[in-house]
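> Given chain A, work out where chain B should sit, using these hints.
Listed here are the chains, written in short residue letters.
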Amino acid sequence: MIAKEKPDGILLSFGGQTALNCGVELERRGVLKKYGVKVLGTPVETIRNTEDRQLFVDKLNEINKKTPRSFAVKTVSDAVKAAKKLGFPIIIRCAFSLGGQGSNICYEEESLKKSAAIALSNTPQILVEEYLGGWKEVEYEVVRDSYDNCITVCNMENFDPLGIHTGESIVVAPSQTLTNHEYHKLREISIAVIKHLGIIGECNIQFALDPKSDDYRIIEVNARLSRSSALASKATGYPLAFVAAKLALGYSLPELRNSITKSTTACFEPALDYIVVKIPRWDLKKFKNVSKLIGTGMKSVGEVMAIGRNFEESFQKALRMLDIGMYGLAANNMEFSDLDSELKNPTDERVFAIAEAFRKGYTVEKVNAFSRIDCWYLEKMKGIMDIEKEIRGKLSPEVLLRAKKAGFSDKQISLLQDKPELEIRKYRKENRIMPVVKQIDTLAAEYPAKTNYLYMTYNGIENDIEFSNKKTVIVLGSGAYRIGSSVEFDWCCVNAVFTLRKLGYNTIMINYNPETVSTDYDECDRLYFDELSFENVADIYDREKPEGVIISMGGQIPNNIAMKLRNYGCRIFGTKPESIDNAEDRYKFSSLLDRLGVEQPEWRELKSAKEAKEFAQKAGYPVLVRPSYVLSGAAMSVATNDDELQEYLTKASKVNQEYPVVISKFITNAREIEIDAVANNGKLVVWAVTEHLENAGVHSGDATMVLPPQKTYLETIRRIEKTARVIAHSLKITGPFNIQFLAKEGFIKVIECNLRASRSFPFVSKVLKTNFIELAVKMIMGRSVSEEVASQRTFATLDYVGVKAPQFSFSRLTGADPIVTVEMSSTGEVACLGEDAEEALLKSMLATGFRFPKKRVLLSIGGNENKVRMLETARVLKKLGLEICATEKTSKFLEQEGIGNTLLNKIGERKKPNIYDYLTGKKIDLVINIPIGMSWRERQDGYIIRRAAADFSIPLITNAQLAKSVVNAIAMKKHKDLQIKSWEEY
Amino acid sequence: MSAKLVLEDKSVFYGASFGASRSVAGEVVFNTSMVGYPEAMTDPSYRGQILVLTYPLVGNYGVPSDEKDELGLLKNFESDKIQISGLIISDYSYKHSHWSSVRSLADWMKKQNIPGIAGVDTRALTKKLREKGVMLGKMVIEGKIDFEDPNKRNLAAEVSVREKVVYNESGKKKVVLVDCGAKNNIIRSLAQRGCCVIRVPWDYNFLEEEFDGLMVSNGPGDPKMCDAAIKNVAATMKKGIPTFGICLGNQIVGLAAGCDTYKLKYGHRSQNQPCTDMETKRCYITTQNHGFAVDARKMPSGWEEWFRNENDGTNEGLRHKTKPFMSVQFHPEATPGPVDTAFLFDRFVGMMK
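If you're matching them up, the sequences are chains A and B in order. So the first sequence is numbered by numbering that gives the first Met the number 0: it starts at 0 and just counts up by one. So the second sequence is numbered by numbering that gives the first Met the number 0: it starts at 0 and just counts up by one.
Take the hints with a grain of salt, since some may be wrong.
Straight-line C-alpha distance at most 27 Å; calculated DSS-like pairs for lysine-lysine [claimed, not checked]:
1. A:Lys-975 - A:Lys-37
2. B:Lys-94 - A:Lys-343
3. B:Lys-131 - A:Lys-261
4. B:Lys-94 - A:Lys-381
5. A:Lys-501 - A:Lys-768
6. A:Lys-211 - B:Lys-94
7. A:Lys-211 - B:Lys-67
8. A:Lys-261 - B:Lys-126
9. B:Lys-94 - A:Lys-365
10. B:Lys-94 - A:Lys-359
11. B:Lys-280 - A:Lys-245
12. A:Lys-261 - B:Lys-280
13. A:Lys-963 - A:Lys-853
14. A:Lys-184 - B:Lys-94
15. A:Lys-184 - B:Lys-80
16. A:Lys-261 - B:Lys-262
17. B:Lys-131 - A:Lys-449
18. A:Lys-194 - B:Lys-280
19. B:Lys-127 - A:Lys-403
20. A:Lys-65 - B:Lys-74
21. A:Lys-449 - B:Lys-126
22. A:Lys-261 - B:Lys-127
23. B:Lys-126 - A:Lys-469
Everything labelled a hint here was simulated from the structure, so no lab data went into it.
Just chain A, same shape as in the assembly (with noise of 0.2 Å):
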């Protein structure tokens, strides 16, 4: 690209590591100095002396600042010589790593050797350190200029002690237990090494500090904007990424102006009058054996911020915002077998622990000896489970104020209390309870602001704004990431917002996650940095009196609350939410498809275990068991036989009690195949439909896509519009929806229907270079799209082709089996344009971290139908001059074949060659794993295979369909016959 579009200059501070690691790398190898290319704002030098652990440590001993003892080694055994020095426990870090990747804490010899080679797998140099556990860890956030102003935005205080890696941390900011002198002399402490490093821009430094001294060690400096600058940024409204790029074409801080204010600098340090809670959100339960524990490591995929005026409201508003079935921290159903066990050895559930362990008595001593978090904290929670007794008592207008000044949502006190939440609503707007509205303004109110950047709290009297008579359209955000709901839902609420404003409304956003563009408060005209519960958006709506509410550009999270708002009275734009009730509920929507003719597999409604197993036996196995009102695929199973199914019944009746759990027939062999569409008053509009490249059983958020379809029936096509048609029409859908289909033989079957954006919206609309979203919100507000919709190409005339590939984050976790199933598990995706199918699919699995196999493949197929089905992509790759290594039967299968190979033993045999030697060497390019059958069970025998290739990052195919298509194109094109085309070219 740079051969090609020869820049100026070259930002490397803004895309995270990725970015950074990239620059280095051209740097490195001369690539910018030999096209001339600037790299703007902090120099490479500066780069590696932060990333480089060596460097580092010498470069802050020069200024005597404090850094952990540590000794950089390249191999196993001077980590072990080096440990001996420092003593256990110790802890091993990565040079040049992202999200702790490879850190572990390790108490003796023998687990300091294995973590030791897996992390000298992907890095070649480590670093072993003296274990600073249980201190606290405090970062800050640091401006610098190339005139040698320097400042720090914000501080922030993990709740979590040092030990646990801080995008795993409850995060507060600013610091709640530092003194002034702590503060400040950290404070001193980054601005002196920042100086000293020579960064221009933004930075982030962490901080140990002694919870019993005053003593500190400086863990890392990020030379680069972070996930905290991030949250820094809308922490405090101070645009760090806005500032970080002028300061790297070379204004100063002084001449910028603060955004916020507008009239005063940007050389300032923001002053908060509430405060801010962070929260990771986790989804460990997607994962079969994944280890629980939270550590040095990252596993969390997401994360909200809540905004309060004391420590308890912020908190208990995270926790709901997490949106994992938490009603706060108090009022919930947790059991703990080993209490202690769980508030020492931390898991993504310790917070619950915490509630149990108080509820139970435990002092905060007691606690705090476990769990080694701060009493102050800890305090503050006991606090929070004083009041849930006390709500458990007689409910007066005095404890319901205690309570709302506490963060309680009414549906907590309603469950407390054991009455309907819209009851305790009611009394307490009788009793005119009712929060107030505060801007975040960077200065504390000392001079006037002009943003628009608001939250909710009880803890004031006062609204800091007046409420207007314009006509305003509120649009509900996706909340935290997690799988299943990334980035996608923020583009379409981003573009709404953006349409509406065109339209000439005013516009107000509702959302908490702070990794999203929505939430920056310039998108809109009002940003509501607060929950999106029934209850917070029905007391926004009842101060701003909007015309209405758009609920389908937000995902799962706002559905599932348009039957209570439209309930209540708020008007809901586009698609009425009985439509979307008779969609989302699996038993109204397959009866609706029954009544109009469209097919569906077979299925039914569970009453019992009993019926279930007989309509399994009835049926044939393997059954889908899928609860309603649901996201990625959340306890949906595919159950092979009886023991299974009573398993995943108890665990999909226990994800949505209040909707009822469905099992269908499970067709194999069958293509998957979906169409994304507007539609306007029951008419489709606007559609693209786009083909899975696995068959059925990987979930759609997992499946590579392809758009246009390349190996459907143009017959199939024209079912699915007509399908879509009849759904639409009988749904009476205005607005974006999605329908997922089965193909076998000519028939398909409807498996899936969502009225609202999908994950793939964002997709077909770049592709197709049509704003599905704009043309939907025109609908929404009743505006004309004909022209707009006359003037589009449809997808069948498309002279490229689209590839989505989902983004997996195994190596990250730890224990977990590679491998994708009917429920969701990747964490990000990817797409890439080419001129065909192949090089579009070769783009984007490049993308995703795949590399061209060099030398050898290994090969493991799981049953006979695989193995034949894989004979001719063994023969390509032979072709192709690799070399095929391959598990036993697959060996002899292939030698059968007349495919020579060459034969690895089993990872716990001591035969050699083994399969665990020649991944751990590095002697393997590519795995290709396929397991025989859908079932647990029949999987369990390349997990270790599986999980190897994760942890020494070697790419892993676990699908039959998608290895072929890969091998195919790999045989097509070479990495040079990929073109380098900007989208516009296309």
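Same frame as chain A, now just chain B:
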């Protein structure tokens, strides 16, 4: 116990008392700092004022001990006692947690008979003070009380030492510190740099003393009340002795040089005030606590504006173009607040030959 804050414009803010059970009157001011309540509350510049903290959570890390440093000053505080008349906050932390803490904020305040009100919407209160300017107010907790304007009193005289005190006697350079309410850290900052500090009452005639430099301290109230100090400073400068003023000291040096001073609408009380060195264009984050300012529109001959507030353009420092006289409106000694401008003490020590 319920309590209320009544302002002179008749508005009332209700809350709960957490400090001493008594009513007080004073001038209501707000500070936007997020840390440092023990330091701020003992800063003599707050004499006569009811302090509103905009950061809502207060008391988190308790209050440290009364241990003394090697100079005999309270190590953890800025003077010998709490100087504010009362404290208004949003969320009092009834439980505190810190290794250096020996008591809760409430216990400390009760012991020193200082009232506090928690549960106040301090943002709403701050906005009012911002829009209408600082106001007189009274905290009504126990007993009747009337409004009282502290600025009619000579506040500097109230907080100044009664007699001369010498610190770090063996220090090589002798600095006279005119104490109009000096913070302990000014004395510490000078002593750490090898100075002997001769701390004298605000109106003390030090001209007969033998000294190498003059430090004019911070302090409360209207600078024009400090007439004796202004006169003495003017006389010192006439002799060409290096002079350094901080905060109120900036205003006194300004008045001595021939500038005028005025009262700001609501002052600067925070740890995030950006001040630009007019010559180098470097901008520093400073800690401040003042209600009056020097009018820098008309500079006496030989003088120049040294620092200016990057936010509102008010004066933040003065210096003489050729002679060793300088003063700043902010607090290079920090505590509480950022220490970025501590280098000014080095510069001052460097001026003394």
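> Taking the hints in turn, state whether each one holds.
Hint check:
1. A:Lys-975 - A:Lys-37: Holds. Lys-975 of chain A to Lys-37 of chain A sits at ~26 Å (cutoff 27 Å).
2. B:Lys-94 - A:Lys-343: Within the cut-off at roughly 23 Å; holds.
3. B:Lys-131 - A:Lys-261: holds (21 Å)
4. B:Lys-94 - A:Lys-381: With a Cα-Cα distance of about 11 Å, the restraint between Lys-94 of chain B and Lys-381 of chain A holds, given a limit of 27 Å.
5. A:Lys-501 - A:Lys-768: Satisfied, since the Cα-Cα distance of roughly 19 Å is no more than 27 Å.
6. A:Lys-211 - B:Lys-94: OK: Lys-211 of chain A and Lys-94 of chain B at ~18 Å, within 27 Å.
7. A:Lys-211 - B:Lys-67: Distance of about 20 Å is within 27 Å: holds.
8. A:Lys-261 - B:Lys-126: Distance ~18 Å between Lys-261 of chain A and Lys-126 of chain B Cα, so the pair holds.
9. B:Lys-94 - A:Lys-365: It holds: about 16 Å lies between the C-alpha atoms, which stays within 27 Å.
10. B:Lys-94 - A:Lys-359: Holds. Lys-94 of chain B to Lys-359 of chain A sits at ~20 Å (cutoff 27 Å).
11. B:Lys-280 - A:Lys-245: holds (18 Å)
12. A:Lys-261 - B:Lys-280: holds (21 Å)
13. A:Lys-963 - A:Lys-853: Holds, because 17 Å separates the two Cα atoms, which is no more than 27 Å.
14. A:Lys-184 - B:Lys-94: It holds: about 25 Å lies between the C-alpha atoms, which stays within 27 Å.
15. A:Lys-184 - B:Lys-80: Holds: Lys-184 of chain A and Lys-80 of chain B sit about 24 Å apart, inside 27 Å.
16. A:Lys-261 - B:Lys-262: holds (25 Å)
17. B:Lys-131 - A:Lys-449: The given pair, whose Cα atoms are some 19 Å apart, holds under the 27 Å limit.
18. A:Lys-194 - B:Lys-280: holds (17 Å)
19. B:Lys-127 - A:Lys-403: Holds - the C-alpha atoms of Lys-403 of chain A and Lys-127 of chain B are around 25 Å apart, at most 27 Å.
20. A:Lys-65 - B:Lys-74: holds (25 Å)
21. A:Lys-449 - B:Lys-126: Within the cut-off at roughly 14 Å; holds.
22. A:Lys-261 - B:Lys-127: With Cα atoms ~21 Å apart, Lys-261 of chain A and Lys-127 of chain B stay inside 27 Å; holds.
23. B:Lys-126 - A:Lys-469: It holds: about 26 Å lies between the C-alpha atoms, which stays within 27 Å.
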